[in-house]
Amino acid sequence: MTDAPKRTPLYDLHVELGGKMVDFAGWEMPVQYPLGIMGEHKQCREKAALFDVSHMGQVILKGDNVGEKLETLCPQAYSTLKEGKARYGFFTNEEGGIMDDLIVSNAGDHYFVVVNAALRHQDIPHMQANLDGVEVTEIFDRALVAVQGPAAENVVGDLCPAARDLKFMETTVADIDGVSCRISRLGYTGEDGYEISIPEGEAIRISKLFLAHDDCEAAGLGARDSLRLEAGLCLYGNDIDQSTSPIEASLSWAIQKRRKEEGGFPGAARVQKELAEGAAKKLVGIKPEGRAPARQGVEIQCTEGNTIGAITSGGFGPTVGAPVAMGYVSAGHGEPGEKVNLIIRGKVQPAEIVALPFVTQNYKR
Amino acid sequence: MATYYSEEHEWVLVEGDVATVGITKHAADQLGEIVFVEQREAGDEFEKGDEIGVIESVKAASEIYAPVDGEVIEANDVLADNPGALNESPEGDAWIYKIKLSDSAQLEDLMDLDGYKALIG
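Top line first, the protein sequences correspond to chains A and B. Each residue of the first sequence is one higher than the last, beginning at 1 in my numbering. Each residue of the second sequence is one higher than the last, beginning at 1001 in my numbering.
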C-alpha cells in the first residue's frame, strides 16, 4: 500500500487506550493494547473483549429477490434466509475457488453484507456488476464493533435488552443509549458475542459504555487472530484464497443441501465433483508436539518423509497453552490422530493431525 | 566486568574471555509475550552476525544474531521450559547463552549503556 493507511471511527479511542497501531489491509489498526495479546485473548475466552472491526466492508443490498440473486454468486441458500437471520458464506469464482468469505443478513427491507477489509475493492464491484436490479451501497459512515466472550450478553444486554433475546446468527436493529444500531449475534472468535454497526459519530461513546462494564476490555488484531485460529475459523488470504475450493477448505458445512444438489453458482462443477469424489487436498487442524510454533509456509511431511502439504495459519494458542496450526494435506492424509512431521527452520518437529476446533465453540443457539 | 550492547538489542556481559549474552528489556518488551526460544547447543561455533537462535512471541518469530565471534559454552535451559522468563527478567536470570569469545577486540564495535539508551531513544 502506497497510500497512507485509513483510520476507522474508533482511531482516537485506540490511541487513548494505548493501542499499538499497525497497517493492516490499508487500515491503521491496533494489534494489541497494554494488556497484551495473551491477556486480551484470555479476556475474550473468559469474560468479554471489544474489537474494532470497522475496517471490514459493510454493504446494503436493496431490490427485488436479492437472496435469489446472491445465489448466483454464492453457494449458500440465501433465497430462503429468513428475516432477522444471518448466514456465513463466500463468493466463488468460475473455477470453484473462494473469492472472499462474508456474512449475509436478511434485514427485512434490505440485505446487509459484511466482507473482508482487503477485498472491499473486489467485492463491491463484483456485486454491482452481477446482481441485476440490485442497488449495492457500501456504507462509509458506520463503525463495526465486535463484543465477544461469555460475558458479552451482559455487556451488551445491560445497555440493550433486545440483544439478550437474539440467538446465534440472528440480527436486529435496536437502540443503545438512544443510538439506533444493527446488532447481530455472531462473530469470529468461537465465543458467544455480537457485531454491532454503529453510526460513526457515536462509535467511541458507545464503545466506552461497553468498556465501562467490569467484564469488558479492548482487544486488538493479535488476539483476534489467535482466537479465530483456536476456533478453527479460516482467515482469507491465509487458509482460503482464489485457488482453494470450499470443499478443500473443509467448508462444506457452509453450503446448504439444496445448493450442493442443484448447483447454479460459479464453479459448481468443481464443488459438486469434489463433494462426490473427494478433493485433492483438505484443510486440517495440526497440533505440534513440541513448543515451537509452526507458522504459515511450514512444510508438512508424512512420517515416511514425503511432503504432503503446508501450514497456512499457525501460532501459539493461549487457551490451548501450546502451539496450534491449520494447513492443507493431500488426499489420503488428514485423519485425526495421524502423525506428521513439520519442517521448522530445517528441523523435523513431530505433530499430530487433530479435529478442529482446538477449543469448544460457545455459541448461544 | 563490563556490559556491552549491540544494535540488535543484545547485551553482552564480559568476564575475561567468557561472556553472557541476552536480549535487552527493550527488545523483550517489543517482542511481546515470548512462547518459544530455539537455542544452539554447547560447542557450536559462530561468527558475528550469524543467526544463533530464534525467539517466538505470540506475534512473530525473530532471529537472534551473534554480536561477536565465539563458541557456545552453555545455553540457558530455563528458557526451554519457561520461555516467558525472557519477558520477566531478560537482563537477569533469562540470559540466553554463555559464550567463549574468539576475538575480544570485536567488543569495541559494540555500545556502552549510554550509547544503547541513545539508540532506543
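Rather than coming from a laboratory, the hints here were simulated on the basis of the structure. The C-beta atom is built at its ideal place from N, Cα and C for all residues, glycine as well. Hints are supplied without guarantee of correctness; some may be wrong.
Claimed, not checked - Label pairs and their in silico Cβ distance ranges:
no. : chain 1 : residue 1 : chain 2 : residue 2 : range
1   : A       : E46       : B       : E1041     : 38 to 44 Å
2   : B       : A1080     : A       : G305      : 38 to 44 Å
3   : B       : E1007     : A       : N238      : 28 to 34 Å
4   : B       : L1119     : A       : E94       : 53 to 59 Å
5   : B       : E1007     : A       : G346      : 38 to 44 Å
6   : A       : Y88       : B       : E1045     : 38 to 44 Å
7   : A       : P350      : B       : G1115     : 19 to 25 Å
8   : B       : G1049     : A       : K85       : 57 to 63 Å
Comparing the hints with the structure gives:
At roughly 39 Å, the beta-carbon separation of E46(A) and E1041(B) lies within the given 38 to 44 Å, and the hint holds. Between A1080(B) and G305(A) the CB atoms are about 26 Å apart, so this pair departs from the stated range of 38 to 44 Å. At about 32 Å, the beta-carbon gap between E1007(B) and N238(A) stays in the expected band of 28 to 34 Å. Distance hint for L1119(B) and E94(A): a CB-CB separation of about 54 Å, consistent with the stated range 53 to 59 Å.
In this structure the hint that E1007(B) and G346(A) lie 38 to 44 Å apart at CB is violated, the actual value being about 26 Å. For the hinted restraint 38 to 44 Å between Y88(A) and E1045(B), the CB-CB distance of approximately 54 Å leaves it violated. One distance hint, 19 to 25 Å for the beta-carbon pair P350(A) and G1115(B), is violated here, with the actual separation near 44 Å. For the pair G1049(B) and K85(A), the beta carbons lie near 59 Å from each other, so the given range of 57 to 63 Å is met.
The structure fails hints 2, 5, 6, 7 (numbered hints given earlier, in ascending order).
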